[in-house]
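S.K.: Here is how the chains run, residue by residue.
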Amino acid sequence: MSSIVSPFDFKEQFRFWPRHNEALYRRLESKHAWLEERHRTPEDLAPDPLENEMVLNIGPQHPATHGVLRCAVKLDGETIEKCVLDIGYLHRGIEKLAEAKTYQEFMPYTDRMDYLSPYSNNVAWCLAVEKLAGIEVPERAQWIRMMMCELARISAHLLWLGVGLMDAGAVSVFLWCFEHREDIYNIFDHVTGARLTVSHSRIGGLASDVTDEHLAMIAAFLDKFENSIAGWEKLLNRNRIWIDRNEGIGVLTAEEVVELGMTGPNLRGSGVAYDIRRFEPYLKYEEVDFNIPIRTEGDSLARYFVRMDEMKESARIIRQCLDRIPRVYGPIRNDDAKKAYPSKNEVYYSMEGMIHDFLYTDTGVCPPKGVWCYHAIEAPKGELGFYLESDGTGNPWRVRINAPSFTNLQGLEYMMEGAMMGDMVILIGTIDPVMGEADK
Amino acid sequence: MPDSTSRPPQHETLKFHFTPVDPPRPGADLSNPHAKKTTYVPEVVEALRERFGDAVEEVTLYANEHTVRVDKARLVEIARFLREEQGFTYFVDCGGIDRFTDEDRYEVFYNLVNIDAGKRIRLKVRVDEDDMTVPSLTGVWRAANWNERECYDMFGIRFEGHPDLRRMYMPEDFEYHPLRKEFPLLGIPGSLPLPPQTPEGELTRDPFPAAHGAKPPKSYEEPPSEFTEE
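As you go down the protein sequences, you meet chains A and B in turn.
The first sequence runs 1 to 440 under my numbering.
The second sequence runs 1 to 230 under my numbering.
Derived by calculation from the structure, the hints in this document are not laboratory data.
Keep in mind that the hints are not guaranteed to be accurate.
Claimed, not checked - Below 27 Å or equal to it, Euclidean Cα-Cα: the simulated BS3-like pairs (lysine-lysine) are:
1. 224(A) - 284(A)
2. 124(B) - 369(A)
3. 96(A) - 312(A)
4. 37(B) - 369(A)
5. 101(A) - 72(B)
6. 369(A) - 72(B)
7. 234(A) - 284(A)
8. 181(B) - 369(A)
9. 181(B) - 96(A)
10. 284(A) - 312(A)
11. 72(B) - 124(B)
To be verified - Per the computed footprint, the stretches of chain A lying under chain B, defined by three or more beta-carbons under 8 Å from a beta-carbon of chain B, are:
12. 147 to 153
13. 335 to 341
Claimed, not checked - Looking from chain A toward chain B, a few residues come up when the C-beta cut is under 7 Å (computed):
14. 25
15. 100
16. 370
Bear in mind the structure is a predicted one, so any value in this text is a computation, not a measurement.
Virtual Cβ for every residue (Gly too), placed ideally from N, Cα, C.
Let the hints inform the model, and build the full structure from the sequences given.
M.R.: Here is the structure:
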């Protein structure tokens, strides 16, 4: 009883593992068949470590991979010759799970996809279902949804900023960012009743209304945040180390990002003007005044500037919402009990309300049979879309999640090739993947 | 609060140049409260019909969204036409659908976007169970690579001409395709060995033992109790 490592042979038990790795490494080799030709003679094969290629596995449990991302890289000295990503360590099969849930039941699962901005995911899901079933959302709910989505964007970008800077060696910004994220969590806590997995949006509206205290909290947060971000920009925009680490790293041209299908700030950092908020406006984005930051350099520094500007634009949008929400009176949920949950007052004090509540929990909304639709929103990471197909029952027939992190990671493979090993953490940070979303 | 004495910003943010399609194209049905103007593209559908004739099998419109179902054999040709002549350069998404019918059981859809003109269209192809192949679109849009791999992983549809058709999420020799309708939600016991729950324990063969009538493995040692049954 000396070792806690069990004596059985893992290779025998995990029979998939060797084959899985073999396929991965074969992929790593395939593009570089010329390497074998270069090392044809025995002298070439002499084990000089500086001459040989090295295969290095980074992750899945590596702090710089922001989750469980595994990169198998082939190195030539310090240059990455080829990179193959292995994802799926967090695969929970939520597309499969969705088929066994009603539309409303599945909503809390979306919190667990991009757990840095759960509010956006809830809203994306609810909007997709509302489009499929043709459910109208009251105006007040739309304004509140928009405001909270922008708060979620700030929260997600703050995490990217803090963690990205920590990867580059600056620890204090991480603490400053998390101080502000804590404020946002407190706001979410007061508005929705939960800090991380908010689950506040409902099909046809919202779970609860915001009060004047909530709006005052958000206004106070914005004052503090705008002051802080001005300070961070003074620190970072002309910071020699930060610029040296980011400038010219991971350069993608406008053609390349479109070809790789990247979304969000990664796309706009390369000069492609594609933002769902303008491309096909949802909620009330047509009625607020804001800019979409675009930069053309396409390197990590450009993406840094895009995200910083986006946070400031989000603050602008929230200010306009704060201005508008007190003047938009009305319900926060659709009044039709076949399309949205009845209010709790109705449920507790009337028989019909209770019946409707039961029915809605049991079956929920039933979209027409044999129809499908796709609805996308601009989540902090990019285009988050849900493709839904209905068979006329309360459960979706097929749910397809177009996750921005997944599409962005595909571009990471391409970006890594030719980069330096030391820039790897910067590249992963600049892509800003969330594995919970990429792995579905 | 921005400091009024500070200098103008060093890094100028560029203006967002985008021409929205305004007003909507004639004939658009915006009765759905969430309908978008971009998804109604009759001119593209017409161009496809004119060019490919019978290969366009069905055109559907729901919630102001156009879906064009095309012939599988001419998919690559149609995709190339959409990309090169209609400007759909941006590949958004693709995925499979299990219709669970006798004929043409599977479907694969492709969401495409024309960024400059503000258009969005969806292509669909049907796949029969006897011939589970679809021509790969990786030659047209590079972005299709991972999406097709995922579709292969989840449905077992093989994409012909794909440069790297490995599974996306599941391990290489997992024998099933989870998003097919006949795959049980609780998984198939024994199909995937999971790590042991205790340092010296056996591998877990069933992720949901309780659902299959077995005692779930404990990740901790239960303290001895005098009430423990023999």
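S.K.: Is the hinted pair residue 181(B) and residue 96(A) satisfied, with a Cα-Cα distance of at most 27 Å?
M.R.: 9 Å, holds
S.K.: How does the segment 335 to 341 of chain A fare against chain B when you require at least three residues with a CB closer than 8 Å, holds or violated?
M.R.: Violated - the segment 335 to 341 of chain A has 0 residues with a Cβ nearer than 8 Å to chain B, which falls short of three.
S.K.: Given residue 370(A) as an interface hint, is its Cβ closer than 7 Å to any Cβ of chain B?
M.R.: 9 Å, violated
S.K.: Checking one constraint from the list: CA of residue 96(A) to CA of residue 312(A), max 27 Å. Satisfied?
M.R.: Cα-Cα ~38 Å, so violated.
S.K.: Holds or violated: residue 181(B) and residue 369(A), Cα atoms, limit 27 Å.
M.R.: 18 Å, holds
S.K.: Let's test the interface hint: is any C-beta of chain B closer than 7 Å to that of residue 100(A)?
M.R.: Given a least distance of 5 Å, the restraint on residue 100(A) holds.
S.K.: Can you confirm whether the C-alpha distance between residue 369(A) and residue 72(B) stays at or below 27 Å?
M.R.: 25 Å, holds
S.K.: Can you confirm whether the C-alpha distance between residue 224(A) and residue 284(A) stays at or below 27 Å?
M.R.: Holds - the C-alpha atoms of residue 284(A) and residue 224(A) are around 25 Å apart, at most 27 Å.
S.K.: Residue 25(A) was flagged as interface toward chain B. Is the shortest Cβ-Cβ separation under 7 Å?
M.R.: Interface hint status for residue 25(A): violated (12 Å vs cutoff 7 Å).
S.K.: Holds or violated: residue 101(A) and residue 72(B), Cα atoms, limit 27 Å.
M.R.: 32 Å, violated
S.K.: Next pair to validate is residue 234(A) with residue 284(A); report whether the Cα-Cα distance is within 27 Å.
M.R.: 33 Å, violated
S.K.: Need the status of pair residue 72(B), residue 124(B): alpha-carbon distance at most 27 Å?
M.R.: 9 Å, holds
Against the hints set out earlier in the document, violations occur for numbers 3, 5, 7, 12, 13, 14, 16.
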